[in-house]
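Q: Line by line, the protein sequences give chains P and U.
Read left to right, the first sequence gives residues 38 to 277 (the working numbering).
Read left to right, the second sequence gives residues 13 to 316 (the working numbering).
Source of the hints: derived by calculation from the structure; they are not laboratory data.
Since we're looking at a predicted model, the values are computed, not measured.
Treat the hints loosely; a few may be bogus.
Coverage of chain U stretches by chain P, computed from C-beta distances (three or more under 8 Å per stretch; other residues unrestricted) [what the hints assert, rightly or not]: (1) 45 to 58; (2) 195 to 202; (3) 207 to 214; (4) 258 to 265.
Restricting the straight-line Cα-Cα distance to at most 16 Å, the calculated cross-link-like pairs of lysine to aspartate or glutamate (EDC-like) are [as the list claims (entries may be wrong)]: (5) 260/U <-> 121/P; (6) 91/P <-> 207/U; (7) 91/P <-> 218/U; (8) 260/U <-> 166/P; (9) 85/P <-> 97/P; (10) 211/U <-> 92/P; (11) 211/U <-> 108/P; (12) 260/U <-> 171/P.
Backbone N, C-alpha and C fix where the C-beta goes; we use that ideal spot for every residue, glycine too.
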Amino acid sequence: MIEQLICKNVTLGYEGIAVAEGLDFKVCEGDYLCILGENGSGKSTLIKALLGLKDVMSGEISFVNGASSREIGYLPQQTPVQRDFPASVREIVQSGCLAKCGLRPFYNKAEKERCAKMLDRLGITELADRCYRELSGGQQQRVLLARALCATEKMLLLDEPVTGLDPKAQLELYELIARLNKKGITVIMVSHDIHMSVRYATHILHIGSHKQLFFGTKEEYVNSRIGQSFILSEGGEEHE
Amino acid sequence: MSDLLNTLQFYLGHSFVQRAIIVGLLIALCSSLLGVTLVLKRFSFIGDGLSHVAFGAMSAATVASTLLKAASHDDSDLPMWLAKFLDETNDMVIILPITLAAAIMLLKTGQNTKIKGDAAVAMISVGSLAVGYMLVNMFSTSANITGDVCGTLFGSQSILTLTNTEVIICIAMTVIVIGVFVLFYNKLFAVTFDESFAKATGVKADGYNLLIAVITALIIVLAMNLVGSLLISALIVFPALSAMRVFKSFLSVIICSAIISVVCAGVGMILSILFSTPVGSTIVTADIVVFFVFMLISLILKRE
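Produce the entire structure from the sequences given, and follow the hints as far as they go.
A: Shown next, in the form of structure tokens:
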């Protein structure tokens, strides 16, 4: 197993107040890690830290074997701004190549080809000239996924990607992400949905309020006490 | 009809009218380019706030110039020289830095402070309006204060009294704005569409936000001459909103909004010459008409 990301005893917080302590986990190439936790458990802070947008209070986040925080394909949660944004799918997907441009103002041929390749890979080539705001939620997520893949093919970081999608679109997106993962792309996904996480992930990181409750493989999690109680407590609820 | 054409020909023959039209079209072009980004980033309120700040700054500059003149003993001492310098640069040396500072401040408060973005804008904009008007009333030596203030707020004839230097400054600023826009087009798009993704891939989003705020301040100071400080926001938001109704890619929205803005400014200025209406409000009225036309078009397109 080639390690890509190692978090050692990381504490995260704002203005000196810790929101998550003792985060200790690692991610290897080809892993599918689901990060579970309630709202306010520091999941979004952890995302920012992984992306290198926020310093850790203590501990260490390190990328090894060629991975880096700049080489993460990030799929943020949708903002209200995006829902009625007048932009074509091609423009959005191309913007994933921006980091490769540096100071060069325009995209070159290689970047345009890369964009076309990713559109093809996610099966949205025929949407390339459509307007983003006219697409369905599932199609929009595919577009953003293609953009993330333009940035990198090493590691994807997905922040609750299925939020707001209907059940069919949710399932399709999960299947799509699983297919990408099988092709060797490391996936880190923040999720609410314990059942889907357990179904697709290889590893689970469960953060409680202020501290890490569990990290290990999915099998270990399902058999652990915390995992079982969480699965049971969530089991009775209806999922969106 | 031929009367109107003759009037138009007569006015267009004057170099001051030509200068006014050149400057007007350039300002319209710049403001529309930036307008799309500002509207989409939900920053249009910053444009509105800044225009009021620019009014306050202009009043302060007028007062400073009056006081300096009063303090001077003869025509060649320092206060007089400073007052003349202010007059020659059309008070830009005072207005521009103050507006820039306000732009940066508003941008910072929009993100994370105790006073939230919209409240901060309301505070700063109304505050500078009030202080500006008070200053002018207390210190101005002009006989027609109401007229002066009205001119500053709704656009005055100052567009018709531009010197060659001012036209050159305006052209230079336009070149800078367009240059920055073209060079950073893709980055501005990324930062507008999705700031968190842009940051994650290493684009310095905060830097680009600052760039946007600075250019906005520049444009507002320029546009004050054309439409007056209360109407600047219209120049920024209307063409963008019209274009967004109909067009579906970022590039086409920007190009369309630039065309709308320039055409409206041109038509507005010519109409205001022909029917001697106020320049600023005529341009904005043209923008409003176009907005409704585009709204209609989008409704028809949706039906089909």
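Q: A separate judgement is required for each hint: does it hold in the structure or not?
A: Status of the hints after comparison with the structure:
A count of 3 residues in the stretch 45 to 58 of chain U with a Cβ less than 8 Å from any Cβ of chain P is obtained; the coverage claim is therefore met, three being the minimum. For the stretch 195 to 202 of chain U, the proposed coverage by chain P is satisfied: 7 residues have a C-beta within less than 8 Å of a C-beta in that chain, meeting the threshold of three. Only when three residues or more bring their CB closer than 8 Å to a CB of chain P does the claim for the stretch 207 to 214 of chain U stand; here the count is 7, and the claim holds. For the stretch 258 to 265 of chain U, the assignment as covered by chain P holds, since 6 residues bring a beta-carbon within under 8 Å of that chain's beta-carbons and 3 suffice.
Distance check on the hinted pair: residue 260/U and residue 121/P sit about 10 Å apart at the alpha-carbon level, within 16 Å; holds. Restraint check: the Cα-Cα separation between residue 91/P and residue 207/U comes to about 15 Å, which is no more than 16 Å; the hinted pair holds. A C-alpha spacing of about 14 Å is found between residue 91/P and residue 218/U, which places the hinted pair at or below 16 Å, so the restraint holds. Among the hinted pairs, residue 260/U with residue 166/P is consistent with the structure: their alpha-carbon atoms are about 9 Å apart, no more than 16 Å.
A threshold of 16 Å between alpha carbons decides the hint, and for residue 85/P with residue 97/P the separation of about 14 Å falls inside it, so the pair holds. With a C-alpha separation of about 14 Å, the suggested pair residue 211/U and residue 92/P falls inside the 16 Å cut-off, and the hint holds. Taking the CA atoms of residue 211/U and residue 108/P, the gap is about 12 Å. The hint holds against a cut of 16 Å. Simply put, residue 260/U and residue 171/P have alpha-carbon atoms about 9 Å apart, close enough for the 16 Å limit, and the pair holds.
In this structure, every one of the numbered hints holds.
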